[in-house]
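4 protein chains.
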Amino acid sequence: MATRVRLIDSTSTTAALDEVFSDATLLGAMVRFETALARAEAEHRVIPQDAGRTIAATLTANGLDPAALTAGARRSGTIVIPLVDALAEQVRRVDASAATFVHWGATSQDVADTALVLCLVEARRVLDTDHGRVTAALERLSHEHASTMMLARTLLQPAAPTTFGLKAAGWFGAVSRSDLQLRASFELASVLQFGGAAGTLAALRDDGPKVAATLARELALPLPEAPWHSHRDRLAALVCACGVYVGSLGKVARDISLLMQYEIGEAAERGGGSSSMPHKRNPSGCAIVLAAANRLPGLVSSFLSAMLQEHERGVGGWHAEAAIISDAVKTTGSALAALADVIEGLTVDADRMLANLRETKGTVYAERAMTLLAPALGKKRASEIVAEALRRSAASGKPFQDAIAENSEVSGVVGAALTTLGDPRAYLGAAEYFRTRLLTAGVASTDD
Amino acid sequence: MATRVRLIDSTSTTAALDEVFSDATLLGAMVRFETALARAEAEHRVIPQDAGRTIAATLTANGLDPAALTAGARRSGTIVIPLVDALAEQVRRVDASAATFVHWGATSQDVADTALVLCLVEARRVLDTDHGRVTAALERLSHEHASTMMLARTLLQPAAPTTFGLKAAGWFGAVSRSDLQLRASFELASVLQFGGAAGTLAALRDDGPKVAATLARELALPLPEAPWHSHRDRLAALVCACGVYVGSLGKVARDISLLMQYEIGEAAERGGGSSSMPHKRNPSGCAIVLAAANRLPGLVSSFLSAMLQEHERGVGGWHAEAAIISDAVKTTGSALAALADVIEGLTVDADRMLANLRETKGTVYAERAMTLLAPALGKKRASEIVAEALRRSAASGKPFQDAIAENSEVSGVVGAALTTLGDPRAYLGAAEYFRTRLLTAGVASTDD
Amino acid sequence: MATRVRLIDSTSTTAALDEVFSDATLLGAMVRFETALARAEAEHRVIPQDAGRTIAATLTANGLDPAALTAGARRSGTIVIPLVDALAEQVRRVDASAATFVHWGATSQDVADTALVLCLVEARRVLDTDHGRVTAALERLSHEHASTMMLARTLLQPAAPTTFGLKAAGWFGAVSRSDLQLRASFELASVLQFGGAAGTLAALRDDGPKVAATLARELALPLPEAPWHSHRDRLAALVCACGVYVGSLGKVARDISLLMQYEIGEAAERGGGSSSMPHKRNPSGCAIVLAAANRLPGLVSSFLSAMLQEHERGVGGWHAEAAIISDAVKTTGSALAALADVIEGLTVDADRMLANLRETKGTVYAERAMTLLAPALGKKRASEIVAEALRRSAASGKPFQDAIAENSEVSGVVGAALTTLGDPRAYLGAAEYFRTRLLTAGVASTDD
Amino acid sequence: MATRVRLIDSTSTTAALDEVFSDATLLGAMVRFETALARAEAEHRVIPQDAGRTIAATLTANGLDPAALTAGARRSGTIVIPLVDALAEQVRRVDASAATFVHWGATSQDVADTALVLCLVEARRVLDTDHGRVTAALERLSHEHASTMMLARTLLQPAAPTTFGLKAAGWFGAVSRSDLQLRASFELASVLQFGGAAGTLAALRDDGPKVAATLARELALPLPEAPWHSHRDRLAALVCACGVYVGSLGKVARDISLLMQYEIGEAAERGGGSSSMPHKRNPSGCAIVLAAANRLPGLVSSFLSAMLQEHERGVGGWHAEAAIISDAVKTTGSALAALADVIEGLTVDADRMLANLRETKGTVYAERAMTLLAPALGKKRASEIVAEALRRSAASGKPFQDAIAENSEVSGVVGAALTTLGDPRAYLGAAEYFRTRLLTAGVASTDD
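Protein chains in written order, with this note's numbering: chain X, 14 to 461; chain L, 14 to 461; chain A, 14 to 461; chain E, 14 to 461.
In case anyone wonders, no lab produced these hints; they're calculated from the structure. Do not take every clue at face value.
Treat identical chains as interchangeable: a pair holds within one or across any two.
[Claimed, not checked] Heads up, simulated EDC-like pairs for lysine to aspartate or glutamate below, C-alpha to C-alpha not over 16 Å straight-line:
#1 K393 to D108
#2 K223 to E56
#3 K411 to E401
#4 K393 to D98
#5 K393 to E32
#6 K411 to D362
#7 K393 to E419
#8 K393 to E422
#9 K223 to D108
#10 K374 to D436
#11 K223 to D415
#12 K393 to E102
#13 K223 to E445
#14 K223 to E238
#15 K374 to E238
#16 K393 to D362
#17 K223 to E200
#18 K393 to E357
#19 K374 to E357
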């Protein structure tokens with residue numbers, strides 16, 4: 014049952030997460046459920062203690078035939094039905110009377126949902142590692158470049174100076190906040206499912222709640238207030254949180270792929286090459302992140318539209334979920350691993366950042382000129398002066414700050430500030446203040 | 014600027030929520046921002062105190078020309094640019110020098126985002142009322158029908174008995190949990206946006222953070238750690254939470270529309286009529302809820318895919334948001350109002366529920382028969398007996414419990430339990446226990 | 014490289030379609046591209062004829078190491094780069110000088126896109142078989158039940174009589190029309206991709222178009238007017254057509270799952286059992302179809318949002334596609350195979366259909382009563398009479414047609430028609446006419 | 014009933030398309046349906062000829078109360094029910110007996126669907142105009158810049174030379190192909206809906222098909238093979254085609270917004286300004302297109318998931334459609350109008366294109382160098398030489414073509430070709446060939 018990432022999925026999963034949703038892991042989790050159930054039921058004497066011991070000692074994912082389970086799943090809508098038959102058969106070979114008590118009182122969905130939850134617990138661990146790499150690397154970048162000046166760009170046009178430190182802190186903030194939600198949603202969703210055929214645990218008579226509590230303890234999962242067979246809000250929130258999280262990762266990748274453009278050249282990931290062009294260095298890591306960010310919204314939408322599950326167990330909605338949620342988590346992990354590589358290997362060209370800032374010939378200080386002139390001259394006159402200086406700067410190639418300084422009306426008003434008009438350091442406002450707050454808020458949040 | 018729900022939107026919004034995103038409300042919120050900004054800047058002497066007073070006293074949403082703003086928005090991508098011109102003109106007519114300080118240091122997105130947030134705060138209030146109606150009515154229904162027995166149905170087939178009280182409590186639980194998330198996301202998202210052109214508040218020199226704090230206080234909005242121009246995770250989480258919430262509402266409506274089928278007839282909303290068929294009573298309220306549940310997932314997906322906003326202000330992603338988020342909130346409110354009417358007016362036919370349960374001729378007790386027989390006879394023999402009794406029951410029309418009682422092997426094993434085999438009350442398991450826990454958990458959660 | 018459906022995907026693909034997108038098939042298609050390219054280039058003397066022969070004779074998908082390709086793909090964003098290295102190495106072992114000409118003038122995307130297209134051609138063949146099963150079975154059902162009367166239901170409430178033959182013909186019509194679009198979109202999308210690094214085939218000097226024509230012929234693919242590296246409209250239309258097609262399949266499954274409800278019991282698929290409830294017969298086939306119908310819309314949405322591919326090759330958009338399109342096609346095929354089983358095995362209970370129609374106690378003839386009475390008595394009076402008869406029918410349990418016949422005003426007006434008022438055959442209108450047209454239109458369309 | 018674009022929708026619709034889905038247009042279309050129905054039924058003596066004349070002469074959209082209709086729609090799920098009452102009342106005031114025959118034999122959905130179709134016919138006319146503007150302007154740009162050389166860029170990195178003429182032709186091709194599909198889907202979807210309560214036209218006895226044919230003729234709509242109440246494949250295909258079309262528009266806007274970056278500066282739309290920065294020129298038109306491209310995929314997804322409409326009329330699915338389809342068409346039109354302005358006003362800087370190409374210092378000719386060297390020296394040796402020249406070029410700032418020419422091994426092999434190695438005109442391959450084919454294919458297609 015060894016697993017291997019398929020080529021067609023090679024940029025939309027990682028080996029570690031592919032393993033989390035592999036046949037081996039999934040069957041292992043299902044066997045864990047049935048084993049723990051037998052133990053819990055034996056503990057509360059719902060089934061004979063001997064039977065419980067035998068079942069717990071016998072059940073194994075080894076030797077199960079995935080092809081047969083798949084075929085069975087297409088007949089019955091879930092792999093659990095053929096699986097339970099196969100597991101009962103394992104016990105029957107050892108002790109026919111114990112086999113009667115395999116899966117006692119449970120329904121297919123109890124096994125399938127709880128196994129999925131157990132996979133998700135594992136997935137969260139995998140994600141955690143790469144999330145830590147991303148935020149640590151972003152924090153480091155932000156500190157290193159606290160005073161690296163660069164262009165802020167709005168609508169892809171030069172706006173005003175900022176620092177790369179603030180930019181990295183902004184990425185850190187969004188990724189950290191999104192992870193906080195993701196983490197919370199993993200916790201809320203990681204609960205036992207155990208309700209039996211109708212969600213009442215009727216087959217356990219009065220012992221349902223006790224068995225459920227023990228089963229939850231055995232599986233190290235919290236016990237929810239009730240079974241949630243057709244109430245999928247917790248899993249839906251988890252898939253949504255993946256969507257938001259990947260959106261935040263994608264924004265970082267979008268920015269880096271833009272900064273890495275040859276004509277901008279302010280930052281670069283290690284990247285990959287081309288099959289035809291020897292000179293190429295591609296933002297391949299960003300491409301993987303952006304691919305994930307393209308896929309997640311549709312997965313979220315599919316999951317949400319599957320929420321309308323009929324009565325005590327839906328027809329179709331539930332059956333759509335496993336593939337969606339495993340795709341969503343794998344794609345999230347793929348984006349995260351790729352971004353971790355991108356950020357850890359990011360080259361930042363502070364000189365080029367400054368050069369690009371200067372290349373705007375001071376036009377990005379036009380707003381500052383307005384704030385210096387308008388109080389004294391009024392907005393209308395200030396606008397005229399600035400517009401005229403922008404025109405002269407464009408025509409002559411002379412920096413805006415020099416062009417505007419030639420206007421005698423300006424020097425009278427602005428005085429000493431004129432000398433710093435073209436200095437980005439003089440127009441960073443609260444950049445450092447916000448940078449620090451973003452890093453602090455992010456860290457604090459993650460500590461919760 | 015009076016608003017009125019458009020016919021084509023008549024089932025996808027409510028009058029109250031349509032008002033929340035109307036021209037009047039939106040312009041009002043934008044004027045509130047500019048007014049509060051002038052006050053805050055005057056307080057910190059960033060602009061002259063006279064100018065602050067004049068601006069605050071003069072700005073008004075009255076007399077603005079929405080058609081001109083719309084046309085301007087198509088030129089510049091946002092209504093804020095023509096709006097700020099119009100507002101400055103209002104002040105200029107009173108005091109030309111004060112007009113200079115309208116919108117001082119702010120950028121278009123500061124106004125647009127904060128105004129949107131102010132609308133959302135208002136929207137939450139509207140939603141709250143109807144949410145309260147839904148949960149109160151569900152709680153009441155659950156209590157009234159704590160012992161109303163009915164069929165649990167899985168994959169739309171009869172499964173085993175349950176109570177309508179538990180069913181209603183399940184709805185209550187999902188809607189309450191989803192609201193808890195929605196409420197939290199509204200709170201996280203309802204923060205000030207104020208960063209100026211580059212997100213550094215550079216135009217305010219060193220006073221940016223102070224002005225931001227005062228502005229937040231004036232608008233009764235929390236101050237986030239930094240501006241969030243191109244980091245949209247908070248709003249994305251809010252739209253997602255609408256998606257999950259409406260999914261939970263939609264599940265209730267799906268169930269009710271199914272229970273209301275003529276052939277089932279266990280519950281009915283007041284409903285609407287038909288233009289051609291005098292005898293019809295339609296689940297029109299459920300139709301509105303289900304329509305909303307069809308629309309939300311796509312809106313969520315659009316919002317998430319718009320998250321990849323470039324650098325310090327995106328090109329297109331940001332511009333997509335306002336229409337999406339207002340549609341998402343209006344559609345949510347439409348579903349909620351419709352469901353409140355449905356639940357408050359729900360007729361429950363307990364007799365029909367019991368009759369439908371009986372109509373299954375006891376086959377829904379086959380699982381129970383298994384749990385009684387298998388410990389003594391083994392699963393294999395028990396299965397044979399049950400299958401044979403099911404066959405005889407189907408052939409003869411005789412209830413399953415009677416058919417199986419005829420088997421002498423059975424009576425020997427089961428004894429007294431046979432007399433209650435066909436009694437749903439004897440096979441409710443933990444239904445009441447789960448019902449109580451769901452109502453309690455839901456209430457507790459909402460109290461947080 | 015043997016493939017096997019994964020358990021987590023067991024209800025969202027079929028073995029045949031899983032094979033179409035397997036490592037083996039995909040690598041095979043890529044090798045076919047490189048082989049045909051070498052042949053075409055040798056034919057036009059773009060590369061030495063010896064080299065062409067050697068390459069064509071040497072390249073093989075055997076022995077390639079998928080794990081290495083996957084790892085390489087995560088570095089470079091595509092499996093083609095490590096693959097071309099491995100293929101060149103195969104040739105180098107035979108003839109180092111020929112190895113120079115492997116992949117000559119092509120770019121990674123040429124290989125990847127054309128290989129995907131070759132897989133799609135194969136997929137279409139697989140889909141065709143099951144589509145034929147579905148339409149043949151629907152046509153047969155429609156003919157068999159041309160005069161099987163049943164309730165038409167609107168908003169899940171009884172409306173008026175119809176025939177099951179018309180219902181099946183409606184399904185047939187929608188599935189056939191959707192397939193017509195799907196078929197057309199497969200044809201439009203199944204074209205060669207060959208443009209080289211910049212989409213100009215510059216590495217082939219003036220021979221690009223000739224080589225492209227020969228390459229297309231070798232691969233039995235139409236030659237488009239130009240390479241389409243970052244123009245994905247054809248594939249997008251294909252994924253959309255899958256979405257519409259599965260929507261049409263899903264509507265059939267939704268209807269059948271509703272007809273199969275125990276309380277309605279008018280039709281049933283063979284279905285599957287339950288792991289806990291011996292008596293259950295579940296619409297498992299419908300569940301698989303409905304699961305697919307839940308997933309497709311999100312996949313369509315993801316593909317569409319990936320269309321904005323930058324310049325001559327996108328960063329991220331393109332990289333998202335392969336997983337989306339293979340999921341979309343596999344899920345489509347899964348739905349189709351499941352529905353073919355459902356329809357071929359469908360049991361129709363004509364007696365129950367008639368019984369359910371009668372169970373409405375004639376209220377479904379209220380519209381007909383209106384059309385008989387209103388011309389003579391006016392709509393207002395007719396409405397009063399009908400409403401009163403409906404009330405009396407509900408109170409007494411007497412059929413509506415008997416209740417209304419007791420009104421002397423009615424008998425005077427309606428006369429003989431009264432005797433057929435409760436006869437569904439007298440109120441089928443153009444059911445048979447529409448049924449015939451639907452079947453004919455569908456067949457004609459498919460013949461195009 | 015005058016309409017006006019709402020501020021919150023100002024960048025997601027146009028005035029013309031807002032009008033198409035306004036209350037006035039929608040009610041006008043519904044009144045057209047009822048009028049034409051009365052005429053058709055009178056013609057076939059299904060209703061009295063006098064009544065038909067009176068109805069046709071009396072019905073009017075004037076004076077209808079939209080607020081009352083909206084309120085009614087929330088009760089009954091559609092505005093048709095209160096509307097038909099209001100229309101019957103109009104006739105009643107003139108001739109009570111004629112009022113009986115208003116809406117005779119029709120069902121609400123007949124009116125609502127056909128009115129929607131009539132709006133769509135109008136919408137297509139509006140879209141046509143702007144589509145013509147876009148393609149004409151693209152064709153002109155492509156011809157003007159047939160030999161304007163520029164960088165092809167892959168993964169946002171310099172790849173090899175191309176022409177702006179080919180780039181514009183590529184845009185033209187995708188937009189034209191997408192429009193061909195959109196046009197076809199509008200035609201397929203623009204058909205009459207008329208089936209009565211159960212889709213059998215039973216209320217018209219044997220005259221249904223005749224009346225339907227006349228009604229279709231009166232409304233200038235094709236008559237489909239049968240009513241399509243719960244079969245929504247035609248409309249779904251239309252919404253999908255909007256999605257693909259807007260994807261193609263969005264790709265153009267994405268490219269232009271990238272070309273307009275200050276650091277690239279190769280093309281610019283007229284654009285808009287900033288509320289804070291006097292120097293800014295923003296790609297505001299592209300922003301509107303990209304916003305639309307963000308929204309459409311979600312709308313498509315919502316429409317597709319609403320396709321599973323139950324039995325003869327769905328509960329919720331149908332009710333979701335009107336808002337989705339009108340949003341989709343309005344957003345499409347908004348994108349199209351914005352892109353028409355962008356393309357018509359596009360400034361292309363051919364000098365900057367050439368300068369940016371040169372700025373790569375010849376590295377984009379590395380592939381060409383390989384194709385010159387490898388045949389003689391083998392791929393391995395050629396790679397080493399190219400890599401070494403790339404290194405020396407990077408270190409010295411000397412163009413790649415000069416660096417490689419210094420290698421005596423190279424000059425021996427390449428000879429005269431060396432002199433053109435750095436000339437983009439020598440490496441355009443089939444650019445002009447593909448350009449011409451794209452323009453021709455697009456034009457031909459549109460003529461169909």
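Hint-by-hint comparison with the structure:
no.	hint	result
1	K393 to D108	between (94 Å within a copy, 13 Å between copies)
2	K223 to E56	within (10 Å within a copy, 63 Å between copies)
3	K411 to E401	within (13 Å within a copy, 39 Å between copies)
4	K393 to D98	between (83 Å within a copy, 12 Å between copies)
5	K393 to E32	neither (65 Å within a copy, 36 Å between copies)
6	K411 to D362	neither (25 Å within a copy, 21 Å between copies)
7	K393 to E419	neither (19 Å within a copy, 60 Å between copies)
8	K393 to E422	within (14 Å within a copy, 67 Å between copies)
9	K223 to D108	neither (27 Å within a copy, 73 Å between copies)
10	K374 to D436	within (11 Å within a copy, 31 Å between copies)
11	K223 to D415	neither (81 Å within a copy, 32 Å between copies)
12	K393 to E102	between (88 Å within a copy, 11 Å between copies)
13	K223 to E445	between (56 Å within a copy, 15 Å between copies)
14	K223 to E238	within (13 Å within a copy, 46 Å between copies)
15	K374 to E238	neither (64 Å within a copy, 32 Å between copies)
16	K393 to D362	neither (39 Å within a copy, 32 Å between copies)
17	K223 to E200	neither (22 Å within a copy, 38 Å between copies)
18	K393 to E357	neither (49 Å within a copy, 32 Å between copies)
19	K374 to E357	neither (33 Å within a copy, 29 Å between copies)
The earlier numbered hints that this structure contradicts are 5, 6, 7, 9, 11, 15, 16, 17, 18, 19.
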